[in-house]
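Protein sequence lines, in the order shown, are assigned to chains W, F, D and E. For the first sequence, UniProt numbering assigns the number 1 to the initial residue and increments by one for each residue that follows. For the second sequence, UniProt numbering assigns the number 1 to the initial residue and increments by one for each residue that follows. For the third sequence, UniProt numbering assigns the number 1 to the initial residue and increments by one for each residue that follows. For the fourth sequence, UniProt numbering assigns the number 1 to the initial residue and increments by one for each residue that follows.
Please note: incorrect hints may appear among the correct ones.
Pairs count within a copy or across copies, as identical chains cannot be separated in the list.
[Said to hold, decoys possible] Straight-line alpha carbon distances no greater than 27 Å define the calculated BS3-like cross-link-like pairs of lysine-lysine that follow:
no.	residue 1	residue 2
1	Lys-81	Lys-193
2	Lys-52	Lys-8
3	Lys-17	Lys-261
4	Lys-260	Lys-9
5	Lys-9	Lys-81
6	Lys-84	Lys-45
7	Lys-51	Lys-8
Source of the hints: derived by calculation from the structure; they are not laboratory data. Only a predicted model underlies this, so the values are computations on that prediction, with no experimental measurement involved.
There are 4 protein chains.
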Amino acid sequence: MRNLLVDKKSGDDIKVKVRDLKFGGTEKIIISGPCSVENYDLMLKIAIELKKIGVQMLRGGAFKPRTSPYDFQGLQFEGLKILKAVSRETQMPVVTEIMDPRDVEMSMDFTDMIQVGSRNMYNYSLLKELGKVNVPILLKRGMSATLSEWLKAAEYIVSGGNENVVLCERGIRTFESYTRNTLDLNSVAAIKKKCRLPVIVDPSHGTGLRELVPNMSLASIAAGADGLIIESHISPENSLSDSRQTISIEALGNIISGVKKLEGIFYEDKA
Amino acid sequence: MRNLLVDKKSGDDIKVKVRDLKFGGTEKIIISGPCSVENYDLMLKIAIELKKIGVQMLRGGAFKPRTSPYDFQGLQFEGLKILKAVSRETQMPVVTEIMDPRDVEMSMDFTDMIQVGSRNMYNYSLLKELGKVNVPILLKRGMSATLSEWLKAAEYIVSGGNENVVLCERGIRTFESYTRNTLDLNSVAAIKKKCRLPVIVDPSHGTGLRELVPNMSLASIAAGADGLIIESHISPENSLSDSRQTISIEALGNIISGVKKLEGIFYEDKA
Amino acid sequence: MRNLLVDKKSGDDIKVKVRDLKFGGTEKIIISGPCSVENYDLMLKIAIELKKIGVQMLRGGAFKPRTSPYDFQGLQFEGLKILKAVSRETQMPVVTEIMDPRDVEMSMDFTDMIQVGSRNMYNYSLLKELGKVNVPILLKRGMSATLSEWLKAAEYIVSGGNENVVLCERGIRTFESYTRNTLDLNSVAAIKKKCRLPVIVDPSHGTGLRELVPNMSLASIAAGADGLIIESHISPENSLSDSRQTISIEALGNIISGVKKLEGIFYEDKA
Amino acid sequence: MRNLLVDKKSGDDIKVKVRDLKFGGTEKIIISGPCSVENYDLMLKIAIELKKIGVQMLRGGAFKPRTSPYDFQGLQFEGLKILKAVSRETQMPVVTEIMDPRDVEMSMDFTDMIQVGSRNMYNYSLLKELGKVNVPILLKRGMSATLSEWLKAAEYIVSGGNENVVLCERGIRTFESYTRNTLDLNSVAAIKKKCRLPVIVDPSHGTGLRELVPNMSLASIAAGADGLIIESHISPENSLSDSRQTISIEALGNIISGVKKLEGIFYEDKA
Numbered sequence: 001m002r003n004l005l006v007d008k009k010s011g012d013d014i015k016v017k018v019r020d021l022k023f024g025g026t027e028k029i030i031i032s033g034p035c036s037v038e039n040y041d042l043m044l045k046i047a048i049e050l051k052k053i054g055v056q057m058l059r060g061g062a063f064k065p066r067t068s069p070y071d072f073q074g075l076q077f078e079g080l081k082i083l084k085a086v087s088r089e090t091q092m093p094v095v096t097e098i099m100d101p102r103d104v105e106m107s108m109d110f111t112d113m114i115q116v117g118s119r120n121m122y123n124y125s126l127l128k129e130l131g132k133v134n135v136p137i138l139l140k141r142g143m144s145a146t147l148s149e150w151l152k153a154a155e156y157i158v159s160g161g162n163e164n165v166v167l168c169e170r171g172i173r174t175f176e177s178y179t180r181n182t183l184d185l186n187s188v189a190a191i192k193k194k195c196r197l198p199v200i201v202d203p204s205h206g207t208g209l210r211e212l213v214p215n216m217s218l219a220s221i222a223a224g225a226d227g228l229i230i231e232s233h234i235s236p237e238n239s240l241s242d243s244r245q246t247i248s249i250e251a252l253g254n255i256i257s258g259v260k261k262l263e264g265i266f267y268e269d270k271a
Numbered sequence: 001m002r003n004l005l006v007d008k009k010s011g012d013d014i015k016v017k018v019r020d021l022k023f024g025g026t027e028k029i030i031i032s033g034p035c036s037v038e039n040y041d042l043m044l045k046i047a048i049e050l051k052k053i054g055v056q057m058l059r060g061g062a063f064k065p066r067t068s069p070y071d072f073q074g075l076q077f078e079g080l081k082i083l084k085a086v087s088r089e090t091q092m093p094v095v096t097e098i099m100d101p102r103d104v105e106m107s108m109d110f111t112d113m114i115q116v117g118s119r120n121m122y123n124y125s126l127l128k129e130l131g132k133v134n135v136p137i138l139l140k141r142g143m144s145a146t147l148s149e150w151l152k153a154a155e156y157i158v159s160g161g162n163e164n165v166v167l168c169e170r171g172i173r174t175f176e177s178y179t180r181n182t183l184d185l186n187s188v189a190a191i192k193k194k195c196r197l198p199v200i201v202d203p204s205h206g207t208g209l210r211e212l213v214p215n216m217s218l219a220s221i222a223a224g225a226d227g228l229i230i231e232s233h234i235s236p237e238n239s240l241s242d243s244r245q246t247i248s249i250e251a252l253g254n255i256i257s258g259v260k261k262l263e264g265i266f267y268e269d270k271a
Numbered sequence: 001m002r003n004l005l006v007d008k009k010s011g012d013d014i015k016v017k018v019r020d021l022k023f024g025g026t027e028k029i030i031i032s033g034p035c036s037v038e039n040y041d042l043m044l045k046i047a048i049e050l051k052k053i054g055v056q057m058l059r060g061g062a063f064k065p066r067t068s069p070y071d072f073q074g075l076q077f078e079g080l081k082i083l084k085a086v087s088r089e090t091q092m093p094v095v096t097e098i099m100d101p102r103d104v105e106m107s108m109d110f111t112d113m114i115q116v117g118s119r120n121m122y123n124y125s126l127l128k129e130l131g132k133v134n135v136p137i138l139l140k141r142g143m144s145a146t147l148s149e150w151l152k153a154a155e156y157i158v159s160g161g162n163e164n165v166v167l168c169e170r171g172i173r174t175f176e177s178y179t180r181n182t183l184d185l186n187s188v189a190a191i192k193k194k195c196r197l198p199v200i201v202d203p204s205h206g207t208g209l210r211e212l213v214p215n216m217s218l219a220s221i222a223a224g225a226d227g228l229i230i231e232s233h234i235s236p237e238n239s240l241s242d243s244r245q246t247i248s249i250e251a252l253g254n255i256i257s258g259v260k261k262l263e264g265i266f267y268e269d270k271a
Numbered sequence: 001m002r003n004l005l006v007d008k009k010s011g012d013d014i015k016v017k018v019r020d021l022k023f024g025g026t027e028k029i030i031i032s033g034p035c036s037v038e039n040y041d042l043m044l045k046i047a048i049e050l051k052k053i054g055v056q057m058l059r060g061g062a063f064k065p066r067t068s069p070y071d072f073q074g075l076q077f078e079g080l081k082i083l084k085a086v087s088r089e090t091q092m093p094v095v096t097e098i099m100d101p102r103d104v105e106m107s108m109d110f111t112d113m114i115q116v117g118s119r120n121m122y123n124y125s126l127l128k129e130l131g132k133v134n135v136p137i138l139l140k141r142g143m144s145a146t147l148s149e150w151l152k153a154a155e156y157i158v159s160g161g162n163e164n165v166v167l168c169e170r171g172i173r174t175f176e177s178y179t180r181n182t183l184d185l186n187s188v189a190a191i192k193k194k195c196r197l198p199v200i201v202d203p204s205h206g207t208g209l210r211e212l213v214p215n216m217s218l219a220s221i222a223a224g225a226d227g228l229i230i231e232s233h234i235s236p237e238n239s240l241s242d243s244r245q246t247i248s249i250e251a252l253g254n255i256i257s258g259v260k261k262l263e264g265i266f267y268e269d270k271a
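Here chain W stands alone, though its shape is the one from the complex:
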């Protein structure tokens, strides 16, 4: 079997830049924000709080892939505009999900990084489109994707000409129902051994339970992750979607301080 471009054997590790941030370097990147973009004022308020505690990048859903057609589908383009405005105001880069290959071109005016959600990891039409553009991609693992399938999904983008791909482990679907998904940190350890791309972890979807997010954030970093993407809200109980897994700004602050300590250890290890 031929090597993939994303295999360690095919070259040096790839660092993915998003404005001034670098995924895959010694600094761990913390992305946070609400599940859905709700309105400008709230988004700005959250962003300002997040910036204060050291969050480097904003997330917020504008196009929401929802299981039922009757569920809230996100603010769509209106949401993108809000994200863009808040990004300009706070000078924080943003990442948001795009689901339709027809929206890729347009979205580049609004976001610094395009997220491919778990449901679209096998959407090869979308992946091919993303291989043609020059924007960093956050590629979430499919909910039942093997490691091999996930890396080959990344290969669709990289072989198309865009090597700016950051992988994101977000939990897989198993028989366990206590947690929303089973966060598979084995995959993170494996990626650091065999793949050139950076990988971050989403402990919010990976657990579905806010009380497990702090421990699993630290575990992710210890497993080798290059960063975290965490759902947070000023008022977690009132967020429009996924409130059960959303944490407060204060809880996130504690996580960041734990991550900093782990960075210290890792840095020592490498020195």
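Given chain W, put chains F, D and E in place with the hints provided.
Same frame as chain W, now just chains F, D and E:
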């Protein structure tokens, strides 16, 4: 929770017509053909043989969703043209997979039914597009989709205005590795109890092993399926993809004769 | 890798006799009864009704493996005595579960067949003990056992000297939560191809939903199963355990009449 | 639903003592040794090396639960004697697996802690026996056990009168085949929130790949684990079983030094 349009409680069972065929009636529909469309002569030859043994409808992949970007991706538009020509020649309706929402409009000139593959069951942009057109849809179950998610994917199409949806069970992803997937016939029995849409079964992908296809075809019909979609080839060992699960025309003939016997029993039951 | 004794290649198919019944012959064996033995009068009443509709063998749990130590653990020895008495009264053979290797010897005075439950398929101490005795064994598949592990569990018994093993598919644990388990009929088709032992199906545990039991019973027989084990009760709603999956005597009668029709087809096929 | 004795709400956290060691305190416990006990000289040699690098407790399999009856089943009683002798020589406590309820009494003369393996987590006859004795138990999670089932298995022992139970996460069975199992650290975080018992992690079985063991060991501790059980060998490539997941003494030394650093952080957090 509101009822879905596809729930039994919301109305009579939906029969889906594809030319003269009717999914969801007393006759079981057998769809067959090779995994990929390879060339016109071979496709025609296979189609003629299939028609002789009682196959009512043709399948053949033109756009192939492949795990690796380096695998054969199908003949694409060339494949559609071949399917159309063979369909005209044999007077058999055809079904083929479309993956990109931008291809939906165009494909309607070439195919009688559009298949949504397992990897795209959660591709809501595609589903929404299919809700707007007037063409029958074959909606395969996602490889790790729950019954509830699958029915809601159908609801995306039906609520968009297109109620011509046939469900297709094709196996789910489990720990078992002896078979390619675990064919979940519980889902078929459940759909017949709670959903208005017809459901067929794909025992080729559902087992991945040609020697299991005959027994599982009969089991599917006994579980209540309205038809079968089976990969066959004049020369199974030489098919371009999925050869391990492709059966011969002769083996398919035996299956069809078994299905006819089961139809007899079922018809009696209902009389 | 050496062949197993249970592999087709190692000899003729094994027919397992339980008194006058023969598992693995042309006649399909129907085993039924309540989840738990509750008391003598009720057990006798159920047995008489079951015999009338053509059930050949009785089941009833005396030692119940329960997830919680605080759940009803069965009548234990008292239950065995009741089974024995009802068996004598109705002349029907019985099967019941034994969990402890220390109970094997004793249980042979009370039951015609010993069931190894799903939770004990990997209990090699128990399997070894059962290899030493001369009593037919019903070996249920572990809830997450691969086909290969299951056949090797049977091999523990057969290689110990007792080849009277009937396999029982009862569903595996997957992400799907609509049904209690995912009934894996692929395993039945595979066993008929590669293994010398008879195999039956338990659609009660395999679905967990009584409304799915009829269709899945027929599907099991069509997939090649040599029989069925089904939970039934005179008053399903009032059974002490598993009431949601227990069917009425009347529903069972309909299933048996469907099975007889399928036997007709299968018999013709073989003639 | 009644609270379980093992629930946080039912009382203070339980610290489990094995000789001078305390599971559930501030010190993380490292257990290590070969998969199987092979002979006295080798076991002693390994033990001495392990003690030097800070391992506090020895593991070694005497009774090995093997999928095939033809695989090496361990040295059995001979293995227990070797463990006992090495333990006396090195003053290190030992843990070993017992599978048969009839062996429990006898084994107490040879081991400081009894391990219930993954395959026997649902073996309620064994669990009940272990509830009656006064010896610490290491209860591994069943390979497809939900968190709830696992805690109830512990409850069988605790409600029987023996509250000295340490839980051990060792990976669950999923569709992912790159790793032997999917290590579910969510379960560790959840146990620390809701259960009174200590929990350790087995990254050897949890990954099946020695190159992933270091990262996953640190991740386990960061997730909240009270210790680790790791397969190691002087000559990993030559170990009689599980060699692919066995690490060298040197690699283990590095892990222990990483764990010490994490202890520093955790200690600070609590101070």
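Hints versus structure:
For the homomeric pair Lys-81 and Lys-193, neither the shortest alpha-carbon distance inside one copy (39 Å) nor that between copies (40 Å) is at most 27 Å. Taking identical chains as interchangeable, the C-alpha atoms of Lys-52 and Lys-8 are never at most 27 Å apart, the minima being 37 Å within one chain and 35 Å between chains. In this homomeric assembly, Lys-17 and Lys-261 come within 27 Å of each other (Cα to Cα) only inside a single copy, at 24 Å, whereas the closest approach across copies is 31 Å. Within a single copy, Lys-260 and Lys-9 get their C-alpha atoms no closer than 31 Å, and across copies no closer than 33 Å, so neither meets the 27 Å cut-off.
In this assembly of identical chains, the alpha carbons of Lys-9 and Lys-81 never lie at most 27 Å apart, being 41 Å within a copy and 41 Å across copies at closest. Only within a single protomer do Lys-84 and Lys-45 lie at most 27 Å apart by alpha-carbon distance; the minimum there is 14 Å, versus 57 Å between protomers. For a Cα distance limit of 27 Å, the shortest separation of Lys-51 from Lys-8 qualifies neither inside one copy, at 34 Å, nor across copies, at 36 Å.
Violated hints, in rising order: 1, 2, 4, 5, 7; the structure is consistent with all others.
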